[in-house]
Structure formats: structure tokens, C-alpha cells
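> So you can see what is in the structure, the chains are spelled out below.
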Amino acid sequence: MTLENLKAWQVAAVAALAGIGVGAAGAAVQRATPWSVGDLRIVSAASGPAPRIDVGETRHAFGTLGTGGTGSHDFVVGNRGDGPLTLRKGATSCTCTVTDFDAVEGGSTDGTKVVPAGGETKIRVQWKGKPPGGPFRQQATILTDDPRRPEVVFTVEGTVVPTWKAVPDLLAVPRISASAGERVTADVFTYGPQPPLVTEAVLNDPKLAQFVSLATAPLSAAEVAGETGATGGFRLTVDLKPGLPIGQLKQTIRVSFTMPEPLVAEIPLEGTIGGDLVLAGSGWDSSRQALLLGTVSGKTGLRTRVFLTAKGPHRDSVRPTVREVVPESLQVTIGDGSPIGTGGAIRIPIDIVIPPDSRAVNHLCSKQGPAGRIVLATGHPDSPEFTIPVCVAVGP
Amino acid sequence: MKRLVPAVLVCSVALACIAAVPERGADVPDDLVAKFRERNGPIFVDWPAARAVLVITGELDGYIEPCGCTGKENQKGGLSRRQNFLRAVEGAGWPLVAVDVGNQVKRFGRQTEAKFQSIVDGLRAMKVSAVGFGPGDLRLPAEELVAAVAAVGDQPTPFVSANVGLLGLDAGITPKFRVVEAGGLKIGITSVLGDDELARIKNADVEFAPAGAALATVAAELSKAGCDHQVLLSFATPEETKALAAKHPQFDIVVTAGGADEPPLELPTLPGGAKLVELGHKGMFAVAIGFFTDKDKPVRTQRVPLDARWGESKDMIDLLGTYQQKLETLGLDGLGLVPIRHPTGRRFAGSEACAECHQHAYDIWKETPHATALTTLEEQKPRRDGDPECLSCHVTGWAPQRFEPFEGGFTGMKTSPQLAHQGCENCHGPAAAHTAVERGDVRASEAERDRLRQELVLTLATSEGKQKAVNNCLECHDLDNSPQFDFDEYWPQVEHNDPEKADTDTQAKPAEAAAQ
Numbered sequence: 001m002t003l004e005n006l007k008a009w010q011v012a013a014v015a016a017l018a019g020i021g022v023g024a025a026g027a028a029v030q031r032a033t034p035w036s037v038g039d040l041r042i043v044s045a046a047s048g049p050a051p052r053i054d055v056g057e058t059r060h061a062f063g064t065l066g067t068g069g070t071g072s073h074d075f076v077v078g079n080r081g082d083g084p085l086t087l088r089k090g091a092t093s094c095t096c097t098v099t100d101f102d103a104v105e106g107g108s109t110d111g112t113k114v115v116p117a118g119g120e121t122k123i124r125v126q127w128k129g130k131p132p133g134g135p136f137r138q139q140a141t142i143l144t145d146d147p148r149r150p151e152v153v154f155t156v157e158g159t160v161v162p163t164w165k166a167v168p169d170l171l172a173v174p175r176i177s178a179s180a181g182e183r184v185t186a187d188v189f190t191y192g193p194q195p196p197l198v199t200e201a202v203l204n205d206p207k208l209a210q211f212v213s214l215a216t217a218p219l220s221a222a223e224v225a226g227e228t229g230a231t232g233g234f235r236l237t238v239d240l241k242p243g244l245p246i247g248q249l250k251q252t253i254r255v256s257f258t259m260p261e262p263l264v265a266e267i268p269l270e271g272t273i274g275g276d277l278v279l280a281g282s283g284w285d286s287s288r289q290a291l292l293l294g295t296v297s298g299k300t301g302l303r304t305r306v307f308l309t310a311k312g313p314h315r316d317s318v319r320p321t322v323r324e325v326v327p328e329s330l331q332v333t334i335g336d337g338s339p340i341g342t343g344g345a346i347r348i349p350i351d352i353v354i355p356p357d358s359r360a361v362n363h364l365c366s367k368q369g370p371a372g373r374i375v376l377a378t379g380h381p382d383s384p385e386f387t388i389p390v391c392v393a394v395g396p
Numbered sequence: 001m002k003r004l005v006p007a008v009l010v011c012s013v014a015l016a017c018i019a020a021v022p023e024r025g026a027d028v029p030d031d032l033v034a035k036f037r038e039r040n041g042p043i044f045v046d047w048p049a050a051r052a053v054l055v056i057t058g059e060l061d062g063y064i065e066p067c068g069c070t071g072k073e074n075q076k077g078g079l080s081r082r083q084n085f086l087r088a089v090e091g092a093g094w095p096l097v098a099v100d101v102g103n104q105v106k107r108f109g110r111q112t113e114a115k116f117q118s119i120v121d122g123l124r125a126m127k128v129s130a131v132g133f134g135p136g137d138l139r140l141p142a143e144e145l146v147a148a149v150a151a152v153g154d155q156p157t158p159f160v161s162a163n164v165g166l167l168g169l170d171a172g173i174t175p176k177f178r179v180v181e182a183g184g185l186k187i188g189i190t191s192v193l194g195d196d197e198l199a200r201i202k203n204a205d206v207e208f209a210p211a212g213a214a215l216a217t218v219a220a221e222l223s224k225a226g227c228d229h230q231v232l233l234s235f236a237t238p239e240e241t242k243a244l245a246a247k248h249p250q251f252d253i254v255v256t257a258g259g260a261d262e263p264p265l266e267l268p269t270l271p272g273g274a275k276l277v278e279l280g281h282k283g284m285f286a287v288a289i290g291f292f293t294d295k296d297k298p299v300r301t302q303r304v305p306l307d308a309r310w311g312e313s314k315d316m317i318d319l320l321g322t323y324q325q326k327l328e329t330l331g332l333d334g335l336g337l338v339p340i341r342h343p344t345g346r347r348f349a350g351s352e353a354c355a356e357c358h359q360h361a362y363d364i365w366k367e368t369p370h371a372t373a374l375t376t377l378e379e380q381k382p383r384r385d386g387d388p389e390c391l392s393c394h395v396t397g398w399a400p401q402r403f404e405p406f407e408g409g410f411t412g413m414k415t416s417p418q419l420a421h422q423g424c425e426n427c428h429g430p431a432a433a434h435t436a437v438e439r440g441d442v443r444a445s446e447a448e449r450d451r452l453r454q455e456l457v458l459t460l461a462t463s464e465g466k467q468k469a470v471n472n473c474l475e476c477h478d479l480d481n482s483p484q485f486d487f488d489e490y491w492p493q494v495e496h497n498d499p500e501k502a503d504t505d506t507q508a509k510p511a512e513a514a515a516q
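Sequence order for the protein chains is A and B.
Mapping the first sequence onto the working numbering, position 236 (from 1) lands on 236, and the numbers just tick up by one.
Mapping the second sequence onto the working numbering, position 33 (from 1) lands on 33, and the numbers just tick up by one.
Everything labelled a hint here was simulated from the structure, so no lab data went into it.
Some hints here could point you the wrong way.
[Said to hold, decoys possible] Under the rule of at most 30 Å between Cα atoms (straight-line distance), these lysine-lysine pairs were calculated in the DSS-like manner: (1) B:Lys466 to B:Lys414; (2) B:Lys326 to A:Lys250; (3) A:Lys367 to B:Lys326; (4) A:Lys128 to B:Lys35; (5) A:Lys89 to B:Lys35; (6) A:Lys299 to B:Lys326; (7) A:Lys89 to B:Lys72; (8) B:Lys72 to A:Lys130; (9) A:Lys250 to B:Lys468; (10) B:Lys127 to B:Lys414; (11) B:Lys326 to B:Lys186; (12) A:Lys250 to B:Lys242; (13) B:Lys127 to B:Lys468; (14) B:Lys35 to B:Lys72; (15) B:Lys72 to A:Lys128; (16) B:Lys326 to B:Lys414; (17) A:Lys89 to A:Lys128; (18) B:Lys72 to B:Lys366; (19) B:Lys366 to B:Lys468; (20) B:Lys35 to A:Lys130; (21) B:Lys127 to B:Lys366; (22) B:Lys466 to A:Lys128; (23) A:Lys128 to B:Lys127; (24) A:Lys128 to B:Lys242; (25) B:Lys242 to B:Lys314; (26) B:Lys466 to B:Lys366; (27) B:Lys468 to A:Lys130; (28) A:Lys130 to B:Lys466; (29) B:Lys247 to A:Lys130; (30) B:Lys414 to A:Lys122.
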């Protein structure tokens, strides 16, 4: 039977078998190949002197290391075979290096290291503790010509500790009402031989000091113990008072302390101070302050939901009603308010419907189509009206 | 010829069988693939065709693309490579479910809001089935979160959470879990935010429930869904995640946040039998879990470095371009960047002003990459010179790690071209007062003049002085951007205090003499 006489399924079957065969061969080559692709060296399965790698520990836990410090550890690799064992550096993590493979360090000029039968060698792995610190794991791979174990991965793990660390490292108040206050805290952990002594905590803009009070207190022994490697610490408490100017809040709190050398912890305080009423929902573009509904098919219409959120001391008095809608084809229904979480904010659903077969209009917020709008009477004593600009067109 | 055609077909199909492993992006040169396979290890070795593959990512931490002044090629991560990896998995014919544990961003402000929106757009484009919330995400104002996260028309939100509710747990913006099907397998997925994390979040527009209690409720519902596999995305410390997993052994894949920068090569197995997945930080790795019909080895796992072997995805590059355009449009004012006071309280003069006296040092600086730092941003595609996170180390007078200008620092090529590039004053300090006195524009006593000179001196002669200089370099040559940085190796490339040439400066200043 010639190949041209094969039916389609037979061709497929042969192809599949050939594929499996070639694939298996490829896999076998990969398994028996001591080096990575590009430096192929197939190990013969023929009998004769052969290396046999013997590795003890492949994982080293170094505990803690200060930022800026360097750690190193020697892993021992033996050769229990009757032929020489050749080692070569493989992949390493970017802050982890394997030494002793250069000719000047006892290796060969080609970057390999040969362990004679019955001998052993040390693989020195070095690593650096770089800022900002935290859990650390780096790996170094050694490639071997022992077909039973073509690669060995050595892992070093531990914790890199800085001089101090703030948790969280940024005090964020996503959006608070100018008429309400807020409290945020950060724990500053220290890693020196002595506990920190706070001397001062200040905002970088003294004009805001009347709206922001800062306080510090030592962390308890249990709180310090909860942070790996920490030896002391303090809690920074920031109270934001009502009256902050509306807009972006972007400050740095500088906390000076001694351990006993003088240090300064700079902790950003960022947030948005806004009004009591805010809209949220799919299509709401806060930078344009407009609800972008796009072009809606007149045949199918549109159904969407957005939310009005109310904060501040008058939040419970907000009971919106619809005062005006443009275009008229927008049907707006306002649901009941519900507290969010512990009730610091109230959520009021607003359902917007463009019914099928609505007539064509253009309010895409352009010269040809000025913005539409939904105007609500809110019940809020300071913001009695709330307008939602709407960019929408209804097509055929 | 007739005999040749089937033979070619056989070979083609056979080669297709070998090439079915997703190990590279399309159109990536062979030598580049080989280079990174050797550097970061081969992947999917010995994997047969998978029945389905779960690809897990997370902790992007704002790294929408890998950064690095030493060449992005050498860094791992970014949405572009992630998409090409997912495409390669699908291209191999492996049914795919992609999930993400969360924390797309870690900072705050208008740029972070724009970035979060772009990243979520990217996750939608990649058809990620389930995304959890991280603490960085939940620092954003609710109107930004909801606009990015909520369902768009018929397209559901990719986010799921058992214990985080935007605008309330009952607002219905995100489901508590999701069940997806791939390769005939039903996979149930939920996510939680750990109690330690949620205790630190101050966001009145987001409602939280304790992770354990919320997970108990969702786990009961998931149990009824008849899933073949159940996945818990836990944005919590490994310890807290393990405790949750121990209480709910029904989850056979448990993903945790925290841990080291780099995930382990082999996934540990928890006492209940679940695989514990760590992802590292900054989206540098994905973890793939393959499900197979092989009863002896029904599950295989692979850590996937998202390196240059995956190439770039045009869709994600376009998305990045849109993001950069938005930053450009907003400008520094629109991004809410208010210049902060420099710790010295002084302002900047520009490197050209330094050259008036320190010509020798200036001439050397002019030949270093520091002198064209901003140009490198302008020449990138898309260009990055409107991105504060890039600008901060490519111009003069910014706080590198805060991504914002000092008062009197660079604000744009139209307003402050003299402060373009990585100039003298970023190391030596703001020199406007010094230059004004030296020029005679401002009268000062001799003592005051000497004090201003002395303020700008950097010396390597003492350990304290050298440490100050090294720390200054590390502000930009940090682990993200310059992981190989070593001061002693890099300094000779920019050294500008050669005593033999110092006298070519128009005036030998005491300050410079001290620096030598």
C-alpha cells in the first residue's frame, strides 16, 4: 500500500502516530539533554563510566537579612558515580548569583565545573537584600550531565528587613465628604536593636494642620511580634476633621524618631475630599462628569442602573425625586436608599430605561447634539438639586 | 509528487503535535525565545495535550507593562505578554480558564484611576473569567471602581468576591462566585479579601464581610453546583489563606497573595490536598494548572515567566497607547500633581547653569545616558513622556519614588526645558540659590556663599558620603528598573571628578575640590 492510497482517516492516524513518535522522541531528547536548548548534548545510554549526582539540601532558610546586606550559602554536590560529573550554571533569579564557575574560582574556562567520580564540590549561592524588603525567595538552577537529574534547583528563602516599614505604606481616604471626618492609622515597624522614640509628627503643609490631627503611640509587644523580624514600632493615628477643602488631598506625614540614630518616616496621606452626593455606575465618567450611554438602538432600547451615594450628616435626609429629564425618552426610576456597610454612606439606585421603539435623538455631548440631563431634587439641605449630564443618542 | 503530498501532510501534522505546547509568542525570533528559555527555564516540558488549563495571574501592583531603564526586554511581566501567553495556550488547543487574584494597582490618584480602568479593559479583552479585589484596588473612589468593574451592557463583570461589595454586599455589582466550563470540566471560582487587609481599608462606599463567614456561605452554594474543580482566590497572607483552605477543603486550587517576589517552581500541597498557588509580585509570572485524563497524573503545574519569549500583543499595546494618551490629555494639573516642597526648600537651576563653572563635569555628563533620559521616553512607542511614573526618573526636580515634581522642578518642555533629562541637581541638590549667588544676581556673604556651595557637595571619600550617593542612585536604579545596579560597577561610567581634568573647569570651586 502506498501513501497516496490511504484514506483521510488513515493519513490522520499515521500522522498522529508519527506525531506521538516524534513527540516522544523529542521529549526523550529533552529529558536526556543535560543543557538547555541551543547547547544540545545528548547523553548516550550506553554502558560505561557515568556520573551520579548526589545532592543533600536544595533549600536554605536564612531567616532575616537587612536591606543592603549580602547573604551566601554553600550547597554541597557530590558525585557518587564512576565517571566525572559536569555542572553548569542554569537560570538564576535576578538578585541571586552562583559563584565558583569561572576559571579563577576553580571552574573551567568554558564556565563548567567538573566533579570527579567519588568527589564533591560546593555551589555557592549569593543574594542581596534590596529595598523595600519583605518575604524573599530566589532560585538558582544548576544543569548536570547526569541523565537521572539533568537539573537541580537551589532555593534560598527568608525575610529581608528594612530599617523601618509602614503598614500600610500609604494612608488613603478614597473619597470622604468635606462635611464628615475620618480616622486612618498606620503601624510603623522598626528593626533596630532599640525601640523607636518618636520626637515629632508633622504634615508637609502646615496650612492643613487645623483639619488634621496626628498622634503616635507605641505598639504592644504582641503587635510587634506579629511582624517578622520587627523589634519595635508605633502606631500613627490621623484624624481628618470636617472642613477640609474640596479636591485632592495629597500630603506627606513626616514622623521623626530615634533608634537611637535619628530617622524620618515619610508616609503619604492621599485622598479625595468631595461633596455629600456622588454618582457611580457603568458609563459614569468622573473626569467629564457625565453619564456616557453612547448610541442606543431605537429598536432594542437600553436598560441600565447607576447609583447616587449620599454621605455626611444629612445623608439620611436624601430622598431624590425626578425634576427634569432630557431627552424625554429616558425613563428614570429612583429606588429606596440602603445603608452601605455600617451606614457611613447611603446607596440609592437609579434605573434608566430607553424603551424599544423610542424616537431618534442626538444628545451625544457634541456641537450637533448637546448633552441630555437628569435633574433630581435631592432633599439635601445644602445641595437641593443634583444634575446628571447624559451623553446619549437613540438611533433607528 | 502525488506521493509527496501525503508525506508532507504526515510531517506537518506530526510537527504540529510537537509544537502544540504553548512555549512562545507568535512572531518572536527563535534566538530570543532560546535566550529566555535558557535564562528563565523551559516550560511545559513533557506536557501532553491538556483537557483544560487554568491560568492564574495577579498582584499586578500597577505594572501594566514591565519597566526598566536597563531594557524592558530583560524584565518580566506586563499585560501584553500575558495576552500572548493566553493566546498561545488557546492556540495549542488547550481549553482555557483565566483567573486573577487581584490588586491591579497599588497607588492612589488620577493616574492610578486611569490605569485601573485600562487594566480592567485589558482583563475583559483577555476574557478573564474571574478577578478578585486587592487592597490597592479598593483604595480607589467608588465611582471609579464601579465605572470600571460593573457589567457593560450584556458583558458581565469579570470580578467576583465573596466578601467585598462595591456600594454594598447586596448591590449586585459583582457576583459572589462564578462557575465556568472548559474541556467538559466545570470549574467554580470565588475570591475573598483577607481580614487583615480589609481592616486597613477605609472606604465607606465598599462593604466588607469577614472572610471566613463569607466563604462559608459561598462554599455551601458552590458545593451544590457540581463542579469538577473549585478555585479559591484569596487576597490574604499565606498563613490566613492556609487557614481558610483548611476550613474549606472542597477548594482543590487555593491561590494566595503575599509571599516572595518570585513564586516557587513547584506548588506546595496543603494538608487537605489542595494545591497552594503563589504568584510573586508585579505580575511577572503566571501559574498554569493543567487537567488531564491521565489517571496517574491528572494534574500538572507550571510556573510561567512572562518574559520576552512571549513578544508583544498589538491589542495590549494599543490599550497602553490609549492610557498614555489619556495621561497626556489630563496633563500634570489634570492628574492632580501638586508640586511638593523639596526637603532643602530650594529650587532648581538646570544643568546648563552648572556648566557655567563646572564645564568639565558637564561635558562628561553630556555624553552619558543621563543627558538624554527624557529623549528615551519621547522615542518610545507609545511615547511615555506624559507619564509621571516614567518622568520622575527622566527629568530634573522630581521625587523619583513619589512620581511627583518638587516645587520648581520639570513641568514640561514648553515651560521648563532646562530641566529636561536626568541632570546634575538630581544628585547634588537644587542649585538655583547657589548659581544666583555665583553669578552675582543675589548678594550674599562669603560664609553664605560657601555654605551654598557646601550643600551641593557629594563625596565618596567617606563611607557616609558614599552611602548617601548610593542611596541617591537607588532612588531610580531600584529593583524594578535597574535590578543589576551595582554602584561600584556603574559609577565609573558617569564619573566626573577626575582630578587631572578638574582644572579644565573655568573656576576650581571649593565645592568641587571637596567632591574630589
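> Against this structure, judge whether each hint is valid.
Results of checking the hints against the structure:
A C-alpha spacing of about 36 Å is found between Lys466 (chain B) and Lys414 (chain B), which places the hinted pair above 30 Å, so the restraint is violated. Proximity of Lys326 (chain B) to Lys250 (chain A) is assessed by CA-CA distance (about 21 Å); at most 30 Å being required, the pair is judged to hold. Note on Lys367 (chain A) and Lys326 (chain B): the hinted pairing holds, with a Cα-Cα distance of about 22 Å set against a maximum of 30 Å. Restraint check: the Cα-Cα separation between Lys128 (chain A) and Lys35 (chain B) comes to about 24 Å, which is no more than 30 Å; the hinted pair holds.
For the proposed pair Lys89 (chain A) and Lys35 (chain B), the alpha carbon gap of about 14 Å is at most 30 Å, so the pair holds. Among the hinted pairs, Lys299 (chain A) with Lys326 (chain B) is inconsistent with the structure: their alpha-carbon atoms are about 34 Å apart, more than 30 Å. Taking the CA atoms of Lys89 (chain A) and Lys72 (chain B), the gap is near 24 Å; set against the 30 Å cutoff, the hint holds. For the given pair, Lys72 (chain B) sits about 20 Å from Lys130 (chain A) by alpha-carbon distance, which is consistent with the 30 Å threshold.
Of the pairs offered as hints, the one joining Lys250 (chain A) and Lys468 (chain B) holds, with about 27 Å between alpha carbons and a cut-off of 30 Å not exceeded. Between Lys127 (chain B) and Lys414 (chain B) the alpha-carbon distance is near 42 Å, which puts this suggested pair outside the 30 Å criterion. Distance check on the hinted pair: Lys326 (chain B) and Lys186 (chain B) sit about 40 Å apart at the alpha-carbon level, beyond 30 Å; violated. Simply put, Lys250 (chain A) and Lys242 (chain B) have alpha-carbon atoms about 37 Å apart, too far for the 30 Å limit, and the pair is violated.
About 48 Å separates the Cα atoms of Lys127 (chain B) and Lys468 (chain B), which puts this hinted pair outside 30 Å; it is violated. A C-alpha spacing of about 15 Å is found between Lys35 (chain B) and Lys72 (chain B), which places the hinted pair at or below 30 Å, so the restraint holds. Of the pairs offered as hints, the one joining Lys72 (chain B) and Lys128 (chain A) holds, with about 22 Å between alpha carbons and a cut-off of 30 Å not exceeded. At most 30 Å may separate the alpha-carbon atoms for a hinted pair to count; Lys326 (chain B) and Lys414 (chain B) meet this at roughly 19 Å.
Restraint check: the Cα-Cα separation between Lys89 (chain A) and Lys128 (chain A) comes to about 19 Å, which is no more than 30 Å; the hinted pair holds. A distance of roughly 24 Å separates the Cα atoms of Lys72 (chain B) and Lys366 (chain B); the hinted pair therefore holds under the 30 Å criterion. Distance restraint check for Lys366 (chain B) and Lys468 (chain B): the Cα-Cα separation of roughly 23 Å lies within the 30 Å cut-off, and the hinted pair is therefore satisfied. Restraint check: the Cα-Cα separation between Lys35 (chain B) and Lys130 (chain A) comes to about 26 Å, which is no more than 30 Å; the hinted pair holds.
Distance check on the hinted pair: Lys127 (chain B) and Lys366 (chain B) sit about 47 Å apart at the alpha-carbon level, beyond 30 Å; violated. With a CA separation close to 18 Å, the supplied pair Lys466 (chain B) and Lys128 (chain A) stays within the 30 Å bound. Straight-line distance between C-alpha atoms of Lys128 (chain A) and Lys127 (chain B) comes to about 39 Å, which puts the hinted pair past the 30 Å bound. A threshold of 30 Å between alpha carbons decides the hint, and for Lys128 (chain A) with Lys242 (chain B) the separation of about 29 Å falls inside it, so the pair holds.
Proposed proximity of Lys242 (chain B) and Lys314 (chain B) is contradicted: the alpha carbons are some 39 Å apart, above 30 Å. This hinted pair checks out: Lys466 (chain B) and Lys366 (chain B) have alpha carbons roughly 23 Å apart, not beyond 30 Å. For the given pair, Lys468 (chain B) sits about 16 Å from Lys130 (chain A) by alpha-carbon distance, which is consistent with the 30 Å threshold. Taken as a hint, the Lys130 (chain A) and Lys466 (chain B) pair is honoured in the structure, with Cα atoms around 17 Å apart against an allowance of 30 Å.
A distance of roughly 36 Å separates the Cα atoms of Lys247 (chain B) and Lys130 (chain A); the hinted pair therefore is violated under the 30 Å criterion. A distance of roughly 59 Å separates the Cα atoms of Lys414 (chain B) and Lys122 (chain A); the hinted pair therefore is violated under the 30 Å criterion.
Hints 1, 6, 10, 11, 12, 13, 21, 23, 25, 29 and 30 from the list above are not met by this structure, while the remaining hints are.
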